[in-house]
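We have chain A already, so just place chain B on it with the hints.
2 protein chains.
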Amino acid sequence: MANPPSTDGYSFDPFELDLDKAFEIIRRSGACRVGLQVPEGLKRAAPNIAKQIKEKTGAEVIISGDPCYGACDIDMALCQEVDIMLHLGHAELGDGPDNVIFLEARMTTDLKDAALNAVPHLRSKKVGIATTVQHVHKLGQVLKILKEHGIEGLVGPAGGRIKYPGQVLGCCYSTAKALEVDEFIFIGTGQFHPLGIALATGKRVVAADPISGEVSKIDPQPMLRRRCGAISRAMDARRFAVLVSKKPGQRRMELAKRMKALGEGKGKEMFLVYLDNIEPDRLLNLGVEAAVSTACPRIALDDAAKYRIPMLTPPEFEVLMGKRDWEEYRFDEIYE
Amino acid sequence: MANPPSTDGYSFDPFELDLDKAFEIIRRSGACRVGLQVPEGLKRAAPNIAKQIKEKTGAEVIISGDPCYGACDIDMALCQEVDIMLHLGHAELGDGPDNVIFLEARMTTDLKDAALNAVPHLRSKKVGIATTVQHVHKLGQVLKILKEHGIEGLVGPAGGRIKYPGQVLGCCYSTAKALEVDEFIFIGTGQFHPLGIALATGKRVVAADPISGEVSKIDPQPMLRRRCGAISRAMDARRFAVLVSKKPGQRRMELAKRMKALGEGKGKEMFLVYLDNIEPDRLLNLGVEAAVSTACPRIALDDAAKYRIPMLTPPEFEVLMGKRDWEEYRFDEIYE
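Respectively, the protein sequence lines represent chains A and B.
So the first sequence is numbered by our numbering: it starts at 1 and just counts up by one.
So the second sequence is numbered by our numbering: it starts at 1 and just counts up by one.
Just so you know, the hints here were simulated from the structure itself, not pulled from any lab data.
Don't be surprised by glycine CBs; every beta carbon is placed ideally from N, CA and C.
A portion of the hints provided could be inaccurate.
[Said to hold, decoys possible] Incomplete in silico selection of chain A near chain B, CB under 10 Å:
no.: 1; residue: 45
no.: 2; residue: 60
no.: 3; residue: 66
no.: 4; residue: 81
no.: 5; residue: 237
no.: 6; residue: 246
no.: 7; residue: 255
no.: 8; residue: 258
no.: 9; residue: 262
no.: 10; residue: 274
no.: 11; residue: 276
no.: 12; residue: 281
no.: 13; residue: 283
no.: 14; residue: 285
no.: 15; residue: 286
no.: 16; residue: 287
[Stated by the list, open to error] Think about it this way: if two alpha-carbon atoms lie no more than 30 Å apart in a straight line, the pair counts; the simulated DSSO-like pairs of lysine-lysine are:
no.: 17; chain 1: A; residue 1: 51; chain 2: B; residue 2: 268
no.: 18; chain 1: B; residue 1: 306; chain 2: A; residue 2: 51
no.: 19; chain 1: A; residue 1: 203; chain 2: A; residue 2: 125
no.: 20; chain 1: A; residue 1: 21; chain 2: B; residue 2: 268
Next up, chain A with everything else stripped away, as it sits in the complex (with noise of 0.2 Å):
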C-alpha cells in the first residue's frame, strides 16, 4: 500500500503513514484538542497533517514545534494541553503519557537487493539481522534472501523499550545482544547503529543501505581511538557538568547521581545539570570543564565534534574515574 487516500495528495513516499487509523482513533476517543508531533524529516508535512486531522474529526490541533528526535522525545508540555497527541514515525518505547498514539512512518523500500548486496560479505552461516523502525516490518525478505544462500538469518526478541523483533534503537540493541552469533548484518541508513551494534556485542557486522545499496564492514576502531582520546582530554578537567535530559525516555536521574558520586570520591567537582536539548551554547556559559552526558548516547558519540569540552558517557566517565579498565568498554545503552 502507498500512501492511503486520506493523504489528500500529499505523498510522505518514501514513506507510509496510516493517517486513516489515526483518524478513526481520534473519531473513537471524542478528543477535541490534538496534539501533533512528528520528526524533523516530517516537519514539513505538519501543517498538511494538522489540516487533515481537522477536516476528518473535528478536533483543534496543536502542532509541537520543538525538535523531535524519537520516541523518547515526548511532548510532555504539549501532552498536558491536549486529549490526544498523535506522535508520528516512532515506535512505542514503554511507559509514557496514556494519550500518546504512536503512528510509526514504515518504509516502502524492499529490503531484497539490500540482503542481496550483503551475502557476498558475510562470513558465517548463521547471521543476526537487525534493522531501525522503518524497515522492520520487511525482515522477511532479509530472511528468505538468506536462506536462498544457504544462511540462516536469526531475529532478536523485543521487549524493554524495542516494539519489535529485530529492531535496534540508538540507544539499545538488546536484540542483536541476544543472539548467539559471530557477525551481524544491519539493514539500515548511517553508521551509529551498525557501529553500536558491533560495540554492544563485540561482533562482527555487515551494514546494507537499502537507499543507496552501499554495503560496508563496520569498523569500530576509529570511533574507540576518538572516545579514547575524549578520555584522554577530560583526564586534568576538575569540574564536570552531570548532564541530566528532561526527556522522558532520556531521563536518567539515578545514573546521574551515582556519576556524581563516583567523581566526588575522586576529588572531582560535579554539577547536576538538567535541560531539554542538549546543545554547545548550554555548556559554553556553564564554565565546566568535561561532561558526562547521561542523555541519549549518541549526544557524547555522534555529536563530540561540536563540543569544545570532552563530552562522555557514563561508563566512559568510570574509565577515567578507574572503576572500569578500558579493556572493558561498554557502549552507552538504556534499557528500561
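This is chain B only, laid out in the frame that chain A set:
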C-alpha cells in the same frame, strides 16, 4: 553592600546577590533538593553558587541548563524535580509555582550620573521615570537629581506582572502608561525598553545608560518602518504559524486561538504551534510563509532579522487582517 562574604570570594560585580538570604530560606525549609536557575549573564557563576548551596544548606543542587530569559521563563520541569527552586536575577512575575524563590540581582552602579547626563535633554518640568529591575532600588537618586534641577519626577505604580514602582519589562509598560506626563526618562541599558515606552505611551523618551554614560533620545520611527515592512511582506502569505510559548509567563493560548480564528475568517491557513525556545530553525521545517508570535514580544520586534519569514506580533497581525488601522498600531504587551 558589595557581595556578602558568603559568596566565597566569587564576585558578581557589578551585581549584588543576597545569597545568604537564599541559604537561610533553604535551610529553614528543610529542602533536600534545590533547583538553581540563572540568566545567561550569570550562568558562569552557577557552579560556584551550587557549591555554596550544598556547603551552606546540605541540599543537593540541580542546575537548570536551558537558557533563561526572565521570570516568565521558570524551568517548570526542574520545579517538579526539586523541593525549592532558586531563580536568580529577575523579579517575581505574579502567579507561578509555589516552590520558587526569586532572588533579584541588583546592580551596585549609582544612577546619579545617568540622571545628570539626561537632564539637559529633558524638555518638561514633569517627567515619568522608568527603569529595569536591576536599578529599581536606586530610583530615589534619579528623583533627587531631577528635583535639584527643578524637575518633578513621577514613578508609576507596581501591579500585575510588575513588582516595583517605576519598573518596566520588555513585555509590560504599565508603570509608564499610568502616568500623565509628556516625557519619560528611562534609566537602563539597551534600546528595547525605551522604545517600548515610546511606543506604548506615544510620548517622548530620553534614555540614559548608567553603565556607558550615554544618553539618547528615542526615535521609534525606524522600528515602526521595519514593522510596517514586516506586515507588508506577510501580505501574500497563505499559511501562518501561530506560535504559543510553553514558558509559563509567555503562554498566551487564548490569544493564539483568537488570532487563528481571525486569520481563518479571512481565508488564511492558520496552525497553532507550541514550543519552548523560539528559534529560526524551528520554523524553517514547518514550511509556513509567515508567523504570529504570541510569546515574548521581543521575538517579533527584536529578533525579526534572524527569521526568513515575516514574524508579527498579535496587534500587527490584526493590522494585516484589516481588523486594526495602522494608525492604531499597538506595542504588544503582556499584562497578567
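Results of checking the hints against the structure:
1. The beta carbon of residue 45 of chain A is positioned within 10 Å of a beta carbon in chain B (closest approach about 8 Å), and the interface hint is therefore held.
2. Checking residue 60 of chain A against chain B: minimum C-beta separation of about 8 Å stays under 10 Å; hint holds.
3. Because the beta carbon of residue 66 of chain A sits about 5 Å from the nearest beta carbon in chain B, less than 10 Å, this interface hint is met.
4. Because the smallest distance between the Cβ of residue 81 of chain A and any Cβ of chain B comes to about 7 Å, under 10 Å, the interface hint for this residue holds.
5. Against a cut-off of 10 Å between C-beta atoms, the interface hint on residue 237 of chain A is violated, since the closest Cβ of chain B lies about 13 Å away.
6. Because the closest C-beta pair between residue 246 of chain A and chain B is about 5 Å apart, less than 10 Å, the hint holds.
7. Hint on residue 255 of chain A is violated. Least Cβ distance to chain B is approximately 14 Å, over the 10 Å limit.
8. Of the supplied interface hints, the one on residue 258 of chain A is violated, with its beta-carbon coming no nearer than about 13 Å to a beta-carbon of chain B, more than 10 Å.
9. Contact between residue 262 of chain A and chain B, as hinted, is not supported at the beta carbon level, the nearest pair being about 15 Å apart and thus beyond 10 Å.
10. Because the closest C-beta pair between residue 274 of chain A and chain B is about 5 Å apart, less than 10 Å, the hint holds.
11. Taken as an interface hint, residue 276 of chain A checks out: its beta carbon lies about 5 Å from the nearest beta carbon of chain B, inside 10 Å.
12. Annotation: residue 281 of chain A was flagged as interfacial toward chain B, and the flag holds, the nearest CB pair being 8 Å apart, inside 10 Å.
13. Nearest Cβ of chain B to the Cβ of residue 283 of chain A: about 8 Å, under the 10 Å cut. The hint holds.
14. Given the 10 Å rule on beta carbons, the hint for residue 285 of chain A holds: about 4 Å separates it from the nearest Cβ of chain B.
15. Against a cut-off of 10 Å between C-beta atoms, the interface hint on residue 286 of chain A holds, since the closest Cβ of chain B lies about 6 Å away.
16. The interface hint given for residue 287 of chain A holds, since its Cβ lies 5 Å from the closest Cβ of chain B, which is under the 10 Å cut-off.
17. Of the supplied pair hints, the one linking residue 51 of chain A and residue 268 of chain B holds, its CA atoms being roughly 12 Å apart against a limit of 30 Å.
18. Simply put, residue 306 of chain B and residue 51 of chain A have alpha-carbon atoms about 28 Å apart, close enough for the 30 Å limit, and the pair holds.
19. Only pairs whose Cα atoms come within 30 Å are accepted, and residue 203 of chain A paired with residue 125 of chain A is accepted, the gap being roughly 15 Å.
20. For the given pair, residue 21 of chain A sits about 28 Å from residue 268 of chain B by alpha-carbon distance, which is consistent with the 30 Å threshold.
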